[in-house]
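Going down the list, the protein sequences come from chains A and B.
In terms of our numbering, the first sequence opens at residue 299 and continues consecutively.
In terms of our numbering, the second sequence opens at residue 56 and continues consecutively.
For the record, the hints were derived by calculation from the structure and aren't laboratory data.
Hints may contain errors.
Unchecked claim - Label-pair restraints from in silico Cβ distances:
(1) A:K452 x B:W82: 17 to 25 Å
(2) B:V187 x A:K452: 24 to 32 Å
(3) B:N148 x A:Y506: 46 to 54 Å
(4) B:I158 x A:P444: 37 to 45 Å
(5) B:A217 x A:I392: 57 to 65 Å
Since the structure is predicted, the reported quantities are computational estimates derived from the model, not experimental observations.
Backbone N, C-alpha and C fix where the C-beta goes; we use that ideal spot for every residue, glycine too.
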Amino acid sequence: MYKKKRTGVVGIVVTVIVLILLVILSNIKIENLTFVENVFSTIVMPFQNGFTMLKNKISGNNTFFTDLDNLKNENEELKQKNSELEQSLRELEIIKAENTTLKEQLNLKEKYGEYNTVSGYVINRDISNYTGMVVINVGSDDGVQPNMTVIADKGLVGNVVSVTNNTAKVQTIVDPASSVSCIISTSKDAFITKGSINNSANEIRATYIPTDAVLVQDTSVETSGLGGIYPKGIHVGTIKDVVNTKNPTDKYATIQTAVDFSKLDTVLVILN
Amino acid sequence: MKKVISIILIFVTFLIIYFLQVNFFTWFNISGVMPNLFVILVLVVGLFAGKYMGISVGVIIGLLLDIFVSKKIGVTAITLGIVGFIAALLDKNFSKDSKITIILMVTILTLLYEILNYAINAIIFSYSLEIVDFLIKLAIETVFNIFITIILYPLIQKGGYALEENFKETKILTRYF
Numbered sequence: 299m300y301k302k303k304r305t306g307v308v309g310i311v312v313t314v315i316v317l318i319l320l321v322i323l324s325n326i327k328i329e330n331l332t333f334v335e336n337v338f339s340t341i342v343m344p345f346q347n348g349f350t351m352l353k354n355k356i357s358g359n360n361t362f363f364t365d366l367d368n369l370k371n372e373n374e375e376l377k378q379k380n381s382e383l384e385q386s387l388r389e390l391e392i393i394k395a396e397n398t399t400l401k402e403q404l405n406l407k408e409k410y411g412e413y414n415t416v417s418g419y420v421i422n423r424d425i426s427n428y429t430g431m432v433v434i435n436v437g438s439d440d441g442v443q444p445n446m447t448v449i450a451d452k453g454l455v456g457n458v459v460s461v462t463n464n465t466a467k468v469q470t471i472v473d474p475a476s477s478v479s480c481i482i483s484t485s486k487d488a489f490i491t492k493g494s495i496n497n498s499a500n501e502i503r504a505t506y507i508p509t510d511a512v513l514v515q516d517t518s519v520e521t522s523g524l525g526g527i528y529p530k531g532i533h534v535g536t537i538k539d540v541v542n543t544k545n546p547t548d549k550y551a552t553i554q555t556a557v558d559f560s561k562l563d564t565v566l567v568i569l570n
Numbered sequence: 056m057k058k059v060i061s062i063i064l065i066f067v068t069f070l071i072i073y074f075l076q077v078n079f080f081t082w083f084n085i086s087g088v089m090p091n092l093f094v095i096l097v098l099v100v101g102l103f104a105g106k107y108m109g110i111s112v113g114v115i116i117g118l119l120l121d122i123f124v125s126k127k128i129g130v131t132a133i134t135l136g137i138v139g140f141i142a143a144l145l146d147k148n149f150s151k152d153s154k155i156t157i158i159l160m161v162t163i164l165t166l167l168y169e170i171l172n173y174a175i176n177a178i179i180f181s182y183s184l185e186i187v188d189f190l191i192k193l194a195i196e197t198v199f200n201i202f203i204t205i206i207l208y209p210l211i212q213k214g215g216y217a218l219e220e221n222f223k224e225t226k227i228l229t230r231y232f
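Bound conformation, chain A alone (with noise of 0.2 Å):
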């Protein structure tokens, strides 16, 4: 009996573990796992190494090594240069953060000056994997209708459904049921966007693509308008991919939206 307990919590505790190494590993980015490379290389090395070495003698080609201590140190200035070009890239990626930063305050200030909004925060989030909801905190009483834009500082986010005195249901452009109508910025090509299921890598679908126009990646994608619930001209992200099938109008292409859904907090409602 009392076996049977102990090996019902320590069955618990395994559990436990492998959930958290399972949620740690599936969020991890790959670029993190370099202490992991360090380690790998710092075992295996002197024997590939060593090895390396041996098959060298054998095959005769082992004159390499005589000018070993000239490569180590030329090796030596060549990691310093590195690293220091690797400090000024890395200031020069702050200062180009920072001005693409100014740049999209000024950009917002201007575009958006002529829309009466209010702002908002997300109070509740969807608990469904599928779809794509949020509840702000402004309601009727702060004028919010259904069918109003909401937008972030990045760009669009999504419309209201319904509303309350103090809360509002938004709809993003993430959820499944949802449809904007958007041109390309600098073509002008008109295509209509849908949420995906796949909305926690905050993408989105164009679909109906004109099979005359010409996608390319990193383009700025923005609503066109037309529909009735977006205006004209709200930022909705970048193109990320393009598909080309063999009947040219079922290309489709994936958006990255210019929100970060999963960290969006503050909203502006535009209330005209």
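With chain A's structure known, arrange chain B on it following the hints.
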């Protein structure tokens, strides 16, 4: 009185699960997929407290969830009601004492609940069907629910038998007297 306390406890459990789902599991997830603890809760109620409690709790929880976050009121209520009903049916045919049986029930009801929910929503909102993506998410969610069931099994057993004691009348088989 015991029944009232049990119902209050079910409601408190619902609130705890709700806050876990909207807060904790938004970051503690497997590839962005959360588990569905409401299915486990309704299953336990249906399995141990009987058909009527299973259906009632399923429908009420579903309605609350529909009111809180869904676009259409009724879809989650219907599907969770069905889960409660099937849980009560499973009680008649399978033993509740085995961990494996409970895990299998959670697996079946998670699959059933999500497939029904997706199908109804797809019809109402004219989704373009993404079967492969749906199945991948569903598989992850089911595995997640299984893990949670294994972890919570002792609690499920204790809570379940307490519910059974309060809601199911002890049937005295008179022929033995």
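Inset, instruction - Hint says 57 to 65 Å; check whether the CB-CB distance for A217 (chain B) and I392 (chain A) agrees. - result: holds (58 Å)
Inset, instruction - Note whether the CB distance of K452 (chain A) and W82 (chain B) lies within 17 to 25 Å or breaks it. - result: Holds: the Cβ-Cβ distance is about 20 Å, inside 17 to 25 Å.
Legend entry - Hint check for Y506 (chain A) and N148 (chain B) - Cβ pair distance inside 46 to 54 Å: Check passed, 50 Å falls within 46 to 54 Å.
Legend entry - Pairwise beta carbon distance, V187 (chain B) to K452 (chain A), judged against the given window 24 to 32 Å: holds (29 Å)
Inset, instruction - Could you see if the CB distance from I158 (chain B) to P444 (chain A) stays within 37 to 45 Å? - result: 43 Å Cβ-Cβ, so the 37 to 45 Å window holds.
The structure shown violates none of the earlier numbered hints.
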